Structures are given as C-alpha cells and as structure tokens.
Amino acid sequence: GAVVSQHPSWVICKSGTSVKIECRSLDFQATTMFWYRQFPKQSLMLMATSNEGSKATYEQGVEKDKFLINHASLTLSTLTVTSAHPEDSSFYICSARDLKLTTNEKLFFGSGTQLSVL
Amino acid sequence: QKEVEQDPGPLSVPEGAIVSLNCTYSNSAFQYFMWYRQYSRKGPELLMYTYSSGNKEDGRFTAQVDKSSKYISLFIRDSQPSDSATYLCAMSASNTGNQFYFGTGTSLTVIP
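If you're matching them up, the sequences are chains P and Y in order.
Per my numbering, the first sequence starts with residue 7, numbered consecutively.
Per my numbering, the second sequence starts with residue 2, numbered consecutively.
Derived by calculation from the structure, the hints in this document are not laboratory data.
Since the structure is predicted, the reported quantities are computational estimates derived from the model, not experimental observations.
Keep in mind that a hint or two might mislead.
[Claimed, not checked] Pair by pair, the computed Cβ-Cβ distance ranges are:
(1) P:M51 with Y:N96: 19 to 25 angstroms
(2) P:F45 with Y:N28: 17 to 23 angstroms
(3) Y:K3 with P:H91: 37 to 43 angstroms
(4) Y:L12 with P:H91: 32 to 38 angstroms
(5) Y:S29 with P:S122: 37 to 43 angstroms
(6) P:A8 with Y:Q100: 17 to 23 angstroms
(7) P:A8 with Y:S74: 26 to 32 angstroms
(8) Y:Q100 with P:T86: 19 to 25 angstroms
(9) Y:Q32 with P:L105: 39 to 45 angstroms
[As the list claims (entries may be wrong)] When the alpha-carbon atoms are kept at most 25 angstroms apart in a straight line, the in silico SDA-like pairs for lysine to any residue are as follows:
(10) P:K47 with Y:N56
(11) P:K20 with P:N76
(12) Y:K3 with Y:S74
(13) Y:K43 with P:L105
(14) P:K72 with Y:N99
(15) P:K26 with Y:Y50
(16) P:K26 with Y:R42
(17) P:K26 with P:H91
(18) P:K72 with P:T109
(19) P:K26 with Y:S13
(20) P:K112 with Y:T25
(21) P:K47 with Y:E4
(22) Y:K68 with P:K26
(23) P:K47 with Y:K57
(24) Y:K43 with P:W16
(25) Y:K43 with P:V25
(26) P:K112 with Y:T51
(27) P:K106 with Y:E4
(28) Y:K43 with P:D104
(29) Y:K71 with P:T109
(30) P:K47 with Y:G55
(31) P:K47 with Y:D8
(32) Y:K3 with Y:L47
(33) P:K112 with Y:L47
(34) P:K47 with Y:E46
(35) P:K47 with Y:S54
(36) P:K26 with Y:S74
(37) P:K112 with Y:S13
(38) P:K47 with Y:S85
Don't be surprised by glycine CBs; every beta carbon is placed ideally from N, CA and C.
Generate the whole structure from the sequences, applying the supplied hints.
Now the structure itself:
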C-alpha cells in the first residue's frame, strides 16, 4: 500500500509551547489529508480536514486557532498545536487520500505522533 | 449513544484459535465498513473493506456485515502471534474517504 510518513513519532514539550507535526504522502499526491486524535481507550476522532491550497475544515468542538493546519503542497500537511497544555496530550494520526483514487480504501494512515505536554 | 460501539477487550486466545471481533452501530446510513489493524504506536492499516451487507473473505480473514441488525464482524481463522494487535472497525455513509466513524478498537493477543 501507499506510504504516509508522519513525524515526529513522539514529542514531549512544556506547557505553553507549540508543537508542529508533519504528515507526508511519500509515493502519491493527496489534495486531502485528515487529522485525527486518539485518547487512551477511545476511538479515533476526526479533528479536521486539510485541503491543499485552501483553509482546513474543522470538526465541531475543535479550536482552529489552537490547532493550526497548513496544507502547502500535494504531499505535505502540518498540524501545529499552539500553546499546548497537558489536556492536549494525545496520539495524533494523519491520513491522506490519494488524489487519483478517492475511495475509502485508498485512505492511508501515518504512524501517529504521541504528544505529551508537561 | 456513540455512533459505533466496539468491545475494547482485551482478548487473549491461544495460537490457532478462531477469533471473532464485533462492532455495532446506530446510523442506518452507513454503507461502507472497514476493519483496520493497528500495532502499538503505529497508524491503522486496512485489512478488510466491504460494502453493504454480506460476507467477504481474504485468506484467514472474513468480514461480515448485517445491516438489518447494524452489526459487523471480523473473523480470524488459525490465529497467529503476529495477529496480536488492536483491531478497529470503521464505517462511513460515503465512499470518498471522508467522515469515518471508528470503534474504540479491540486489543487482541494471540499466545504461542
């Protein structure tokens, strides 16, 4: 299957700092990428849909000013957690949809980023 | 009520056993059903993908969908230690990759 690279795989930061997470589609182009958050023992929850060249669409209850998304190219989307607090500690996963094959089975996930805010 | 309910387990079985994993859902608009396998601290990878009701088999894996009961299952035959992972069900009303609803995942351990 196609490869989606997510970096870093884990990060520890102090409260109040900002953290950037990158999501890259390595062997395909993706106009749309999705960002999910997964708390322990809970399901993956969609945070936002990232569209190349336009503003991201955020799910209800997700603060767009706190979770900044930039989808600057067809292979890269970034999620920046601004002024992180301990309650933002979670596992963040991106997924990318192949530009040419926009069906459910052509949605590929990154390996995730474990964020711990002290 | 959650959109998708999945027993988190953990489930522990001996090698060679048949494993049954299940999800229930409430939204009758869901038509596309996926099962993902997720290893620890890794992203989910697609195992099975089915549309509407019925069965689908791929090697040792069989996915079943019963839309009338809003119930889906994943069966693993001749389970192997390498099958030890968390299994997530996901479903969607559309086939565009948008708006997936995930279960919480079931943690499976296959004991050699």
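How the hints compare with the structure:
no. : hint                                  : result
1   : P:M51 with Y:N96: 19 to 25 angstroms  : holds (21 angstroms)
2   : P:F45 with Y:N28: 17 to 23 angstroms  : holds (22 angstroms)
3   : Y:K3 with P:H91: 37 to 43 angstroms   : violated (26 angstroms)
4   : Y:L12 with P:H91: 32 to 38 angstroms  : holds (35 angstroms)
5   : Y:S29 with P:S122: 37 to 43 angstroms : holds (40 angstroms)
6   : P:A8 with Y:Q100: 17 to 23 angstroms  : holds (21 angstroms)
7   : P:A8 with Y:S74: 26 to 32 angstroms   : holds (27 angstroms)
8   : Y:Q100 with P:T86: 19 to 25 angstroms : holds (24 angstroms)
9   : Y:Q32 with P:L105: 39 to 45 angstroms : violated (24 angstroms)
10  : P:K47 with Y:N56                      : violated (28 angstroms)
11  : P:K20 with P:N76                      : holds (23 angstroms)
12  : Y:K3 with Y:S74                       : holds (18 angstroms)
13  : Y:K43 with P:L105                     : holds (23 angstroms)
14  : P:K72 with Y:N99                      : holds (22 angstroms)
15  : P:K26 with Y:Y50                      : violated (32 angstroms)
16  : P:K26 with Y:R42                      : holds (18 angstroms)
17  : P:K26 with P:H91                      : holds (14 angstroms)
18  : P:K72 with P:T109                     : violated (30 angstroms)
19  : P:K26 with Y:S13                      : violated (37 angstroms)
20  : P:K112 with Y:T25                     : holds (24 angstroms)
21  : P:K47 with Y:E4                       : holds (16 angstroms)
22  : Y:K68 with P:K26                      : violated (41 angstroms)
23  : P:K47 with Y:K57                      : violated (28 angstroms)
24  : Y:K43 with P:W16                      : holds (11 angstroms)
25  : Y:K43 with P:V25                      : holds (20 angstroms)
26  : P:K112 with Y:T51                     : holds (13 angstroms)
27  : P:K106 with Y:E4                      : violated (30 angstroms)
28  : Y:K43 with P:D104                     : holds (20 angstroms)
29  : Y:K71 with P:T109                     : holds (22 angstroms)
30  : P:K47 with Y:G55                      : violated (29 angstroms)
31  : P:K47 with Y:D8                       : holds (10 angstroms)
32  : Y:K3 with Y:L47                       : holds (22 angstroms)
33  : P:K112 with Y:L47                     : holds (9 angstroms)
34  : P:K47 with Y:E46                      : holds (18 angstroms)
35  : P:K47 with Y:S54                      : violated (28 angstroms)
36  : P:K26 with Y:S74                      : violated (37 angstroms)
37  : P:K112 with Y:S13                     : violated (31 angstroms)
38  : P:K47 with Y:S85                      : holds (17 angstroms)
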